Amino acid sequence: MHYVDEGQGPVLLMVHGNPTWSFAWRHLISSLSSDYRVIAVDHLGCGFSEKPQHADYTLNGHISRLESLVQALDLQNVTLFAHDWGGAIGMGCAGRHPDRFRRFVLMNTAAFRSQRIPFRIALCRIPLLGTLGMQGLNLFSIAAVHMAVEKRLSAAAKAGFLAPYNSWANRIAVRRFVHDIPLSESHPSYQTLQAVEEGLPQFVDHPMLLIWGMKDWCFTPHFYDEFCRRFPNALRHPIADAGHYIFEDARQELLRASRDFLATTEEHSQPGT
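In this note's numbering, the protein residues as written are 16 to 288.
What the hints contain is simulated information worked out from the structure, not anything from laboratory work.
What you are looking at is a predicted structure, and each value in this text was computed from that prediction instead of being measured.
Idealized CB from N, CA, C, for every residue including glycine.
Treat the hints with caution; some may be incorrect.
[Stated by the list, open to error] The list that follows gives simulated cross-link-like pairs (lysine to any residue, SDA-like), each with its CA atoms no further than 20 Å apart:
1) K66 to V193
2) K230 to N181
3) K173 to S83
4) K66 to H161
5) K166 to T235
6) K166 to H42
7) K173 to L152
8) K66 to F134
9) K66 to G175
10) K230 to A272
11) K173 to G148
12) K230 to F134
13) K230 to L152
14) K230 to C243
15) K66 to L168
16) K173 to P142
17) K66 to V19
18) K230 to I141
19) K166 to F63
20) K173 to S45
21) K230 to A210
22) K230 to G148
23) K66 to H42
24) K166 to C243
25) K230 to A158
26) K173 to L154
27) K230 to G151
28) K166 to K66
29) K66 to N181
30) K166 to L177
[As the list claims (entries may be wrong)] Beta-carbon label-pair distances, calculated as ranges:
31) L147 to D114: 44 to 54 Å
32) F63 to H42: 12 to 22 Å
33) R274 to A171: 40 to 50 Å
34) W183 to F63: 17 to 27 Å
35) L144 to S201: 19 to 29 Å
36) V219 to A70: 29 to 39 Å
37) R167 to S45: 30 to 40 Å
38) H17 to I136: 24 to 34 Å
39) H161 to H112: 35 to 45 Å
40) R135 to S201: 18 to 28 Å
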């Protein structure tokens, strides 16, 4: 599994969602790596990671691989940055190794069961039609660079987000992520997500920043409100005019809020490795 590892100091672990990759964190990495050790992963099938056609692309598989990386690098006192699927994957890893995680910056994500799924994503789950659209025509990734933002992306940014997903084979994880959304108890990832959810209360007193693009049509303000309910002590930073790709729509505000949060909570954390 590929990952970016820049800078020295307390560890910031950045975990992306679908259909992005570590490229999504590029602005935070370039700024925060001057004071922190920033590690940004590419999930299996994403970014610069390998893209095997027959692999475990379930939620448990992604959590287990992140878990192996955290253990292999012996990361301590980690601050988790998570977006989209990164919330379930990152919080799942933290739940299995709570002694290694100290702070959390969560944005436009979920880490609990929900029956809410946007119609446009539900369409992608239709057998054959969804596969052709997502893996054949790359419609999911192409749509995201237009529909996940409120401010138009530059041509370079669009190209960057789409670069790893340039063939049928290289889009395997994009499709598998969409089909791995567990909406019923019979789904293979339902129990894994339930375990992630059940692990959340152990972090209720940990420093947490909830920063949210409130125009997100996928992880809507409902998900923000649910995190606020579960973590009443969390610092809240809704951004009214930002969409799902908050790191694009509000990159400077995200950076400022993250730096302020890290600075004010540093005294509660020990230096990472």
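Cross-check of the supplied hints:
At roughly 16 Å between alpha-carbon atoms, K66 and V193 fall within 20 Å of each other, so this suggested pair holds. Taking the CA atoms of K230 and N181, the gap is about 28 Å. The hint is violated against a cut of 20 Å. With a C-alpha separation of about 31 Å, the suggested pair K173 and S83 falls outside the 20 Å cut-off, and the hint is violated. Of the pairs offered as hints, the one joining K66 and H161 is violated, with about 25 Å between alpha carbons and a cut-off of 20 Å exceeded.
Distance check on the hinted pair: K166 and T235 sit about 17 Å apart at the alpha-carbon level, within 20 Å; holds. The suggested pairing of K166 with H42 holds, with an alpha-carbon distance near 16 Å, which does not exceed 20 Å. Annotation: proposed proximity of K173 to L152 holds, straight-line Cα distance about 16 Å (limit 20 Å). With a C-alpha separation of about 28 Å, the suggested pair K66 and F134 falls outside the 20 Å cut-off, and the hint is violated.
Among the hinted pairs, K66 with G175 is consistent with the structure: their alpha-carbon atoms are about 18 Å apart, no more than 20 Å. For the hint pairing K230 with A272, the CA-to-CA distance comes to about 18 Å; that is within 20 Å, so the pair holds. Of the pairs offered as hints, the one joining K173 and G148 holds, with about 19 Å between alpha carbons and a cut-off of 20 Å not exceeded. Between the alpha carbons of K230 and F134 the distance comes to roughly 16 Å, so the proposed pair stays at or under 20 Å and holds.
Between K230 and L152 the alpha-carbon distance is near 27 Å, which puts this suggested pair outside the 20 Å criterion. Between K230 and C243 the alpha-carbon distance is near 17 Å, which keeps this suggested pair within the 20 Å criterion. Of the pairs offered as hints, the one joining K66 and L168 is violated, with about 26 Å between alpha carbons and a cut-off of 20 Å exceeded. For the suggested pair K173 and P142, the alpha carbons sit about 28 Å apart, so the restraint of at most 20 Å is broken.
With a C-alpha separation of about 17 Å, the suggested pair K66 and V19 falls inside the 20 Å cut-off, and the hint holds. Between K230 and I141 the CA atoms are separated by roughly 26 Å; this puts the pair beyond 20 Å, and the hint is violated. Taking the CA atoms of K166 and F63, the gap is near 26 Å; set against the 20 Å cutoff, the hint is violated. Distance hint between K173 and S45 is fulfilled; the C-alpha atoms sit about 19 Å from each other, no more than 20 Å.
Taken as a hint, the K230 and A210 pair is broken in the structure, with Cα atoms around 29 Å apart against an allowance of 20 Å. Distance restraint check for K230 and G148: the Cα-Cα separation of roughly 25 Å exceeds the 20 Å cut-off, and the hinted pair is therefore not satisfied. Distance check on the hinted pair: K66 and H42 sit about 25 Å apart at the alpha-carbon level, beyond 20 Å; violated. Our distance criterion of 20 Å between C-alpha atoms is broken by K166 and C243, whose separation comes to about 26 Å.
For a cut-off of 20 Å, the pair hint linking K230 to A158 stands: about 16 Å separates their Cα positions. Pair hint K173 plus L154 holds up; C-alpha atoms about 13 Å apart against a cutoff of 20 Å. Of the supplied pair hints, the one linking K230 and G151 is violated, its CA atoms being roughly 29 Å apart against a limit of 20 Å. Simply put, K166 and K66 have alpha-carbon atoms about 31 Å apart, too far for the 20 Å limit, and the pair is violated.
In summary, the hint linking K66 to N181 is supported, as the alpha carbons are separated by about 12 Å, within the 20 Å threshold. The straight-line distance between the Cα atoms of K166 and L177 is roughly 17 Å, inside the 20 Å bound, and the hint therefore holds. Taken as a hint, the range 44 to 54 Å holds for the pair L147 and D114, whose Cβ atoms sit roughly 45 Å apart. About 18 Å separates the C-beta atoms of F63 and H42, a value consistent with the hinted range of 12 to 22 Å.
The hinted window of 40 to 50 Å between R274 and A171 is violated, with their beta carbons roughly 25 Å apart. Between W183 and F63, the C-beta spacing of about 18 Å keeps the proposed range 17 to 27 Å intact. Checked against the hint of 19 to 29 Å, the pair L144 and S201 passes, with Cβ atoms roughly 22 Å apart. Judged by the Cβ atoms, the range 29 to 39 Å given for V219 and A70 holds: they are separated by roughly 34 Å.
A hinted range of 30 to 40 Å for the beta carbons of R167 and S45 is inconsistent with their spacing of about 22 Å. Separated by about 26 Å at the C-beta atoms, H17 and I136 satisfy the suggested range of 24 to 34 Å. At roughly 37 Å, the beta carbons of H161 and H112 sit within the given window of 35 to 45 Å. In this structure, R135 and S201 meet the distance hint of 18 to 28 Å, their C-beta atoms being roughly 24 Å apart.
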